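Asker: Sequence:
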Amino acid sequence: MGTGISAVIFFVLFVAAIPAWASGPDGKAIDQRSIDALAIKASLAQPRDQCFLYAELVHQMAEFSVRSYAAGDVERSAGLLRQMQKMANRIHLSMNDGDKRLKNAEIQLRQAAFRLTEMLHNSSYEDRPLVEQTLAQVNQAENEAMLQVFRK
0 MGTGISAVIF FVLFVAAIPA WASGPDGKAI DQRSIDALAI KASLAQPRDQ
50 CFLYAELVHQ MAEFSVRSYA AGDVERSAGL LRQMQKMANR IHLSMNDGDK
100 RLKNAEIQLR QAAFRLTEML HNSSYEDRPL VEQTLAQVNQ AENEAMLQVF
150 RK
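Going by numbering that gives the first Met the number 0, the letters in the sequence shown line up with residues 0 to 151, in that order.
Honestly, I wouldn't trust all of these hints.
List of simulated lysine-lysine pairs, BS3-like, C-alpha gap at most 25 Å [said to hold, decoys possible]:
(1) K102 - K40
(2) K40 - K85
(3) K85 - K102
So the derived label-pair ranges between C-beta atoms look like this [said to hold, decoys possible]:
(4) R150 - Q31: 27 to 37 Å
(5) D72 - Y124: 11 to 21 Å
(6) E117 - P46: 29 to 39 Å
Derived by calculation from the structure, the hints in this document are not laboratory data.
Quick caveat, the model's predicted, so the values are computed rather than measured.
Just so you know, even glycine gets a beta-carbon here, dropped at the ideal spot from N, CA and C.
Model the full structure from these sequences, guided by the hints.
Answerer: See the structure below:
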């Protein structure tokens, strides 16, 4: 009897901790409003800060997309994946030798790629091509960032 109660308590604590996993670096929950605010901040940032901010944006979009897909909101998730592809291209275009926090950008992109890989494994057959394309572009941006870090 005591083991059953312990298992229920563990399960409740586990389920209560899930929203904390989908939070941004400042501890706030990731939602469309925070993503939009970060997109505006990244577009207005100095060139040396843009790469990191776009990488953070891709990471937050990946988290929100995975969460939306798991909740059954496939359309929102697909829209976020398409936006992530555009942001990965902006990372490529904004990367230069004067980038501030380039290693942190590479870490953010690696984490986003990890989450997209999880999503790929859990997605339906029809949804996989979009996830695969997005993952390939995020991986490419991560590799470019890593090469820039090692060039310094």
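Asker: Evaluate each hint against the coordinates.
Answerer: Status of the hints after comparison with the structure:
{"no.": "1", "hint": "K102 - K40", "in the structure": "20 Å, holds"}
{"no.": "2", "hint": "K40 - K85", "in the structure": "16 Å, holds"}
{"no.": "3", "hint": "K85 - K102", "in the structure": "21 Å, holds"}
{"no.": "4", "hint": "R150 - Q31: 27 to 37 Å", "in the structure": "36 Å, holds"}
{"no.": "5", "hint": "D72 - Y124: 11 to 21 Å", "in the structure": "19 Å, holds"}
{"no.": "6", "hint": "E117 - P46: 29 to 39 Å", "in the structure": "32 Å, holds"}
Figure legend: structure checked against the earlier numbered hints; every hint is met.
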